[in-house]
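Enquirer: Residues per chain, in single letters:
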Amino acid sequence: GAGVSQTPSNKVTEKGKYVELRCDPISGHTALYWYRQSLGQGPEFLIYFQGTGAADDSGLPNDRFFAVRPEGSVSTLKIQRTERGDSAVYLCASRTTGGSGEAFFGQGTRLTVV
Amino acid sequence: QQQVKQSPQSLIVQKGGISIINCAYENTAFDYFPWYQQFPGKGPALLIAIRPDVSEKKEGRFTISFNKSAKQFSLHIMDSQPGDSATYFCAASRDSNYQLIWGAGTKLIIKP
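Note that the protein sequences, when read in sequence, are chains A and B. Residue 1 is where the first sequence starts when you use the working numbering, and the numbers rise one by one after that. Residue 1 is where the second sequence starts when you use the working numbering, and the numbers rise one by one after that.
One chain only, chain A, in its complex shape (with noise of 0.2 angstroms):
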């Protein structure tokens, strides 16, 4: 596609529940990136992707979170047992290795926990 694709683009759950969140890279690019904003704020890094290795999982809250990208392309990140305090905008982001080094942001997935 055009750009990053993220869906859904809203998703509402109830607390306890199983999410999967998911990213639709730009063809090509190999870096790809989980970013968490809440309302308010900037974003927050979650976990970056070098291929099809998490290069960086630093950001991840805990371990209720998990992210992967098994062929190197499209990312799904993982939330269990969600709780009310991961309500936010997920983003995802991806780019390519070296160049201007830009990264393209999707339009995030509105994840609400009720």
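Since the hints were made in silico from the structure, they are not lab data. Bear in mind that the values here come from a model prediction, so they are computed numbers and not experimental data. Even glycine gets a Cβ: it sits at the ideal position worked out from N, Cα and C. Watch out, some of these pointers could steer you wrong.
[Claimed, not checked] Sample of chain B residues with no beta-carbon within 12 angstroms of chain A, all distances over it, derived: (1) I18; (2) A24; (3) A29; (4) Q38; (5) K42; (6) P44; (7) D53; (8) S65; (9) A70; (10) Q72.
[As the list claims (entries may be wrong)] Reference listing, derived: stretches of chain A covered by chain B, where coverage requires no fewer than 3 residues with Cβ under 8 angstroms from a Cβ of chain B: (11) 45-58; (12) 106-113.
Using the hints provided, position chain B relative to the given structure of chain A.
Expert: Okay, now just chain B, sitting in the frame of chain A:
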């Protein structure tokens, strides 16, 4: 050391005026300083970025001023237009891994 502090939190400017947003950082390892523009319901979009080997970068109506010794950088929007109304974020990173550390954002409103 990882923080990026952004001010003001909100800003109202008359059409045609100059909008100025400031950021300060602590980590001297940062070497990439982008500004992002975000409209409601959209992801952030890169506006302009600078590296510490230059003190100023201009692209159209947007200028970044960078003060390495003070560890500060700012965004200037000249001839501000109502279409510039958005939330602006500064960020910083070490280019090697591009994990962006973000400011808290500035909500800019341009009054017609």
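Enquirer: Run through the hints listed earlier and report the numbers of any the structure violates, in increasing order.
Expert: Of the numbered hints given earlier, those the structure breaks are 4, 5 and 6, listed in rising order.
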